[in-house]
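Colleague: Quick one: dock chain against chain with the hints and give me the complex.
For the protein sequence lines, the chains are V and B, in the order given.
All residue numbers for the first sequence refer to this note's numbering, where the first residue is 823 and numbers rise by one.
All residue numbers for the second sequence refer to this note's numbering, where the first residue is 255 and numbers rise by one.
Honestly, the hints are just simulated from the structure, not real lab data.
All figures in this text were calculated on a predicted structure; none of them were measured in a lab.
Hints may contain errors.
What the hints assert, rightly or not - Pairwise CB distance ranges, derived in the manner of DEER restraints: (1) Thr827/V / Pro294/B: 45 to 55 angstroms; (2) Arg837/V / Ser324/B: 48 to 58 angstroms; (3) Ser338/B / Thr827/V: 21 to 31 angstroms; (4) Thr284/B / Leu905/V: 35 to 45 angstroms; (5) Lys835/V / Gly295/B: 19 to 29 angstroms; (6) Ala271/B / Asn899/V: 14 to 24 angstroms; (7) Glu274/B / Arg837/V: 40 to 50 angstroms; (8) Ala824/V / Gly295/B: 38 to 48 angstroms; (9) Gly283/B / Ser908/V: 34 to 44 angstroms.
Said to hold, decoys possible - Straight line, CA to CA, 20 angstroms or less: simulated EDC-like cross-link-like pairs of lysine to aspartate or glutamate: (10) Lys325/B / Glu269/B; (11) Lys315/B / Glu924/V; (12) Lys366/B / Asp308/B; (13) Lys312/B / Glu924/V; (14) Lys315/B / Glu342/B; (15) Lys303/B / Glu924/V; (16) Lys315/B / Glu269/B; (17) Lys323/B / Glu342/B; (18) Lys323/B / Glu274/B.
Even for Gly, the Cβ is constructed at its ideal location relative to N, Cα and C.
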Amino acid sequence: EAGVTQSPTHLIKTRGQQATLRCSPISGHTSVYWYQQALGLGLQFLLWYDEGEERNRGNFPPRFSGRQFPNYSSELNVNALELEDSALYLCASSLALRRGNEQFFGPGTRLTVL
Amino acid sequence: AQSVSQHNHHVILSEAASLELGCNYSYGGTVNLFWYVQYPGQHLQLLLKYFSGDPLVKGIKGFEAEFIKSKFSFNLRKPSVQWSDTAEYFCAANNNAGNMLTFGGGTRLMVKP
Chain V
823 EAGVTQSPTH LIKTRGQQAT LRCSPISGHT SVYWYQQALG LGLQFLLWYD
873 EGEERNRGNF PPRFSGRQFP NYSSELNVNA LELEDSALYL CASSLALRRG
923 NEQFFGPGTR LTVL
Chain B
255 AQSVSQHNHH VILSEAASLE LGCNYSYGGT VNLFWYVQYP GQHLQLLLKY
305 FSGDPLVKGI KGFEAEFIKS KFSFNLRKPS VQWSDTAEYF CAANNNAGNM
355 LTFGGGTRLM VKP
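Bound-form chain B, shown alone (with noise of 0.2 angstroms):
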């Protein structure tokens, strides 16, 4: 069965601090990365995406994320968090253009002035 699993389900950081954001998944055939994240009283909105090319990929608001095969993880980084990253963080796949998306339970961030 196709699944994402998020492990770290609350998240406490003082800004400044690293973030790094565990997701595994389990899907047969080729797969499509995606980490949304949800602001407080915002729309789900995309902070990166990886479906070919280089593993490492970098988007929104200085968060990248590395797709390793071999570990089937897709896990999401930030060298130094904000106050404003506080928000709900999904991590979600697919596997066939156009696709549902199966989402992981999602992680929540409070970053702390």
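The shape of chain V in the complex, shown without the other chains (with noise of 0.2 angstroms):
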């Protein structure tokens, strides 16, 4: 069974830039999850995405924004690229929404503004 993927590994920008992100969810997964890992801050939720809506968004500003396709992928915008957007953006997914269900995390996507 093919694991979480998510496209590009790297990405380098410049500030005020936009940078899209791409992530594929397990087969038969319909929620799909987005979290920052940056240096000293730890992993904190983004967006939260299921069967296409938008679940629930963490305390980022409206630039980091995204969807989720028919076909469950989704993609994470952040437009006006700030320096501090420098981190690694993990994608995660889980199955329909009942309890106990874990989140299985893909490699992430490593994003440099300079």
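Modeller: Here it is, written out as structure tokens:
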């Protein structure tokens, strides 16, 4: 069974540009989560999509946005990049809402903003 | 506010030593608890989880954790660590099925051979 995949592996952008990160969940998983792992800040929840809808978002500005496609893959868009957006962005997927379901994580996209 | 805290940021042990990593949570309502591990260069992967039943949970690679409701704790234990356990360990929680995880700050474990 293929795991969660993310692309690209690395992304280098300059301040003010836009970044698009992509995630493919495990087959059969309908929920996709995005997390930011920034140096010194730990893992922070960004966005949660399920069945194509945004279910919840973390404490991040509106320039962080995303969507989920009919095949349950997802993309994260970060507009007007700032230096502090440099981080590892992790995507996770899980089965439909059910208590105790674990989230399976992808390898992440390392975003560097210069 | 929902939060998860891990007491130890860095732990260094010798092989065969016993391990206990602390985790405390602050959550309203019913809580689900998880321990994830991130080996160098690898994905986050689940070690074990608790959502109901026996408060002593056994996971992969000989790890276990005990849910103590009165102490709001979910400490991770292993009786005898190996060099291959060198990794970063994250405690996490959520309180609804499928809801987002709140992570602790992580504990970097180094096991000396």
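Colleague: Now tell me if each hint is right for this structure.
Modeller: Here is how each hint holds up against the structure:
no.	hint	in the structure
1	Thr827/V / Pro294/B: 45 to 55 angstroms	20 angstroms, violated
2	Arg837/V / Ser324/B: 48 to 58 angstroms	49 angstroms, holds
3	Ser338/B / Thr827/V: 21 to 31 angstroms	26 angstroms, holds
4	Thr284/B / Leu905/V: 35 to 45 angstroms	40 angstroms, holds
5	Lys835/V / Gly295/B: 19 to 29 angstroms	24 angstroms, holds
6	Ala271/B / Asn899/V: 14 to 24 angstroms	46 angstroms, violated
7	Glu274/B / Arg837/V: 40 to 50 angstroms	44 angstroms, holds
8	Ala824/V / Gly295/B: 38 to 48 angstroms	19 angstroms, violated
9	Gly283/B / Ser908/V: 34 to 44 angstroms	35 angstroms, holds
10	Lys325/B / Glu269/B	29 angstroms, violated
11	Lys315/B / Glu924/V	18 angstroms, holds
12	Lys366/B / Asp308/B	33 angstroms, violated
13	Lys312/B / Glu924/V	15 angstroms, holds
14	Lys315/B / Glu342/B	15 angstroms, holds
15	Lys303/B / Glu924/V	8 angstroms, holds
16	Lys315/B / Glu269/B	15 angstroms, holds
17	Lys323/B / Glu342/B	25 angstroms, violated
18	Lys323/B / Glu274/B	18 angstroms, holds
Checked against the numbered hints given earlier, the structure breaks hints 1, 6, 8, 10, 12, 17 and satisfies all the rest.
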